[in-house]
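Chains as they are written, first to last, in this note's numbering: chain G, 4 to 270; chain C, 238 to 717.
In short, the hints are calculated from the structure, not lab data.
Warning: the hint list may mix true and false statements.
Unchecked claim - Taking lysine-lysine and the DSBU-like style, the derived pairs with C-alpha atoms no more than 30 Å apart in a straight line are: (1) C:632 / G:109; (2) G:164 / C:619; (3) G:115 / C:331; (4) C:291 / G:164; (5) C:705 / G:77; (6) C:619 / G:77; (7) G:198 / C:331; (8) G:198 / C:619; (9) G:41 / C:672; (10) G:109 / C:421; (11) G:115 / C:632; (12) C:650 / C:672; (13) G:198 / C:632; (14) G:198 / C:677; (15) G:41 / C:421; (16) C:342 / C:331; (17) G:115 / C:677.
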Amino acid sequence: MTEHSSSPSNPPASPNVGLFATCLVDLMRPSVGFATVKLLEDAGCRVSVPEAQTCCGQPAYNSGDSADARDIAKNVIQVFEGFDYVVAPSGSCAGMLSHHYPHLLKDDAAWKPRAEALAAKTFELVAFLTDVLQAEISPPDLDVTATYHDSCSGLRELGIKSQPRALLGKVGGLRLVEGDIPETCCGFGGLFCVKYPDISERMVDAKADDILATGADLLLAGDLGCLMNMAGRLKRRGARVEARHVAEVLAGMTDRPAIGEADEDTA
Amino acid sequence: METQTRRFKQNAREAMADGQLAQALTRLGEGFPLRRAEAIDRLPEFDQLRDAAKAIKDHTLAHLDLYLEQYESKVKEAGGHVHWCRTGQDAREKILEICRTVGAKTVTKSKSMIGEEIAINDFLEENGVAPIETDLGEYIIQLRKEPPSHIIAPAVHLNKGQVEDTFRKAHTNLDPARNLDDPKSLLEEARVELREKFLHADVGLTGANFLIAETGTNVLVTNEGNADLTYSLPRVHIVIASLEKVIPTLEDTATVLRVLARSGTGQDITVYTTFCTGPKRPDDLDGPDEYHVILLDNGRTELVGTEFQEMLRCIRCGSCLNHCPVYHAIGGHAYGWVYSGPMGAVLIPGLIGIHEAGDLPNASTLCGKCETVCPMRIPLPKMLRAWRERQYQRKGNSAAGRWSLQLWAALAKRPKLYRAVTGPLMTALAIFGRKRGRFKWLPLAGGWTGPRDLPAPQGDSFIAQYHKGPVGAVVRSKGQ
């Protein structure tokens, strides 16, 4: 694969997109991966899903294990640097590639420019559709009242706030109700939620209260980690609210059970 | 105070079991951020002021020696004394020595986090000098023998009923019939009690928000006016300040003041902003006869030139605490020392060592809210991560944690092995979890399944399905 010269504001007609599925989507919820492929292909992208991808390295990076994080970063760079764009259905993982890889490799003369080049063409899915492709998507209708959680990395590292709301506005029948604290962390934080489960519980309870107060039937977000945390707590509390990745709704792929639901639950 | 940072997890659990504290933290989490947002809305140039304030502090830290020497010479010119103290012990002894030279029996004190840091109250008391806190919040927690739970609102963990109880116990001459059920009457009660003490104190001890190099001035930012009585009535004024409080000029001070109160309490400016330069001059009507500055290092110069230098920009506004979801969950005491919240989680390991405070930089989701509200644009999440890196390098975290992390990393670096191990695992979990779609409990996943269910995987991994088709996908939807 050859390097293409393109810029965010001027994408090629049919860009070559490398899909960084993220480990959670890959292992836990492939339907988000398929929804992402559909959204990108519908928007005119040629999508590849390299088999040599694993994880972006955040568990190591955020635990202070920079040596392993650097090795993992180099693997991701090698696998993905040939594409016009790298797209991930996660603000957290996209932020890792686009913000933290250059920092991790800043003292490595050979890898720093490669990290920076990858960073410049890495995007979170919804931001990519909206800001780069300015795609005219036409998602199918979904009769539901939904609320949206702004995941921390997407919101504060990548500035994703209006984009998912704009796209959800095109879903006929979907009524979006905002919570009081959509920007407050849900208490996931990667390994934080298992290292400090009781603090995490207090945080996710505040989120759950806010979500339930909206009266929404469906919780949407752009990061599977946060969604699994919030859905897991909502289910533990016996709440009926369902949780899905925003890509599933935008791609019209909501036939699979929601996060943490069995087939019977949604029948 | 005794350091409790090693008990962090237990402290946090105990704090979260306290329903009254939870209410107080909810009030704080709703009040301060709202008032900050309103204050900033009224000031369109706020972000430019943040940039300017950051630049001032960065410049100062790059020339710290120069400005400290200038500051010292200006204090001397004004007739004051500067005492350089490397450690808390040096500072405590110097303060006691000054108190003894004037035969001090009582010392009034306005709020100072450095006073808390060096535990000056306990030390003075042990040595026969009675310290009296005059900031209302500090006065309350002094009576209760508690450390502050917030750097600008030390008694924010208490409600007014608890304050009333504290006063009724401590003020033994208080009429039991006296009404003390509203904040105003509590304030009146504290004021009456403190007024006498102001008049009789031999030494006044204050902190400093800024030390101005250009003029040798210390700046005090308060809302109660207690600092003014503290420094102006006694014969001796002692300022205790850490050395990064130095700032080049009056003009610079004005710039930083514009972001300070707005970020903390949401006020445009605090009720009192007091500038003290040296002792009373011949023509002054009042003021102290002696003026001393205790200039404390206590580990700060060790941070200069490291990845933690930017922490020395902190102006102690409290904004990061006010906006932190972890602080909102556990409050300030759980952190186990005088500082708390994100700034505490970065600063405390810097002052007492990461081996003493290993939980603090880890107990954060790195959500980044603190950095967005920091008036000095301190990259707190980056520094929390930097502490984790230092801790990992010195093998300061648990063996089990390191082992599982290294196992994960070993797999993540070897895509084929990763697929070979994770594939069957996810397929098995999908089969076991198919009926309910989630797990209430799983071996080795207790951290997750303690408070929440674990959603089951859908089936084969995305990569496997994408490349091979959904062969063997165990949980198929009706439509596929």
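Outcome of the hint check:
The hinted pair formed by residue 632 (chain C) and residue 109 (chain G) meets the criterion: a straight-line CA distance of about 24 Å does not exceed 30 Å. Proposed proximity of residue 164 (chain G) and residue 619 (chain C) is supported: the alpha carbons are some 22 Å apart, at most 30 Å. Between residue 115 (chain G) and residue 331 (chain C), the direct Cα distance comes to roughly 51 Å. Violation of the 30 Å bound is thereby established for this hinted pair. Proposed proximity of residue 291 (chain C) and residue 164 (chain G) is supported: the alpha carbons are some 27 Å apart, at most 30 Å.
Between the alpha carbons of residue 705 (chain C) and residue 77 (chain G) the distance comes to roughly 27 Å, so the proposed pair stays at or under 30 Å and holds. Distance restraint check for residue 619 (chain C) and residue 77 (chain G): the Cα-Cα separation of roughly 21 Å lies within the 30 Å cut-off, and the hinted pair is therefore satisfied. Taking the CA atoms of residue 198 (chain G) and residue 331 (chain C), the gap is near 43 Å; set against the 30 Å cutoff, the hint is violated. Proximity of residue 198 (chain G) to residue 619 (chain C) is assessed by CA-CA distance (about 19 Å); at most 30 Å being required, the pair is judged to hold.
This hinted pair checks out: residue 41 (chain G) and residue 672 (chain C) have alpha carbons roughly 28 Å apart, not beyond 30 Å. Only pairs whose Cα atoms come within 30 Å are accepted, and residue 109 (chain G) paired with residue 421 (chain C) is rejected, the gap being roughly 56 Å. A hinted pair counts as satisfied when its Cα atoms are at most 30 Å apart, and residue 115 (chain G) with residue 632 (chain C) qualifies at roughly 27 Å. With a C-alpha separation of about 34 Å, the suggested pairing of residue 650 (chain C) with residue 672 (chain C) is violated against the 30 Å cut-off.
Taken as a hint, the residue 198 (chain G) and residue 632 (chain C) pair is honoured in the structure, with Cα atoms around 17 Å apart against an allowance of 30 Å. For the hint linking residue 198 (chain G) to residue 677 (chain C), the alpha-carbon distance of about 18 Å falls within 30 Å, and the restraint holds. Proximity of residue 41 (chain G) to residue 421 (chain C) is assessed by CA-CA distance (about 63 Å); at most 30 Å being required, the pair is judged violated. The hinted pair formed by residue 342 (chain C) and residue 331 (chain C) meets the criterion: a straight-line CA distance of about 16 Å does not exceed 30 Å.
Annotation: proposed proximity of residue 115 (chain G) to residue 677 (chain C) is violated, straight-line Cα distance about 44 Å (limit 30 Å).
Figure legend: structure checked against the earlier numbered hints; hints not met, in rising order: 3, 7, 10, 12, 15 and 17.
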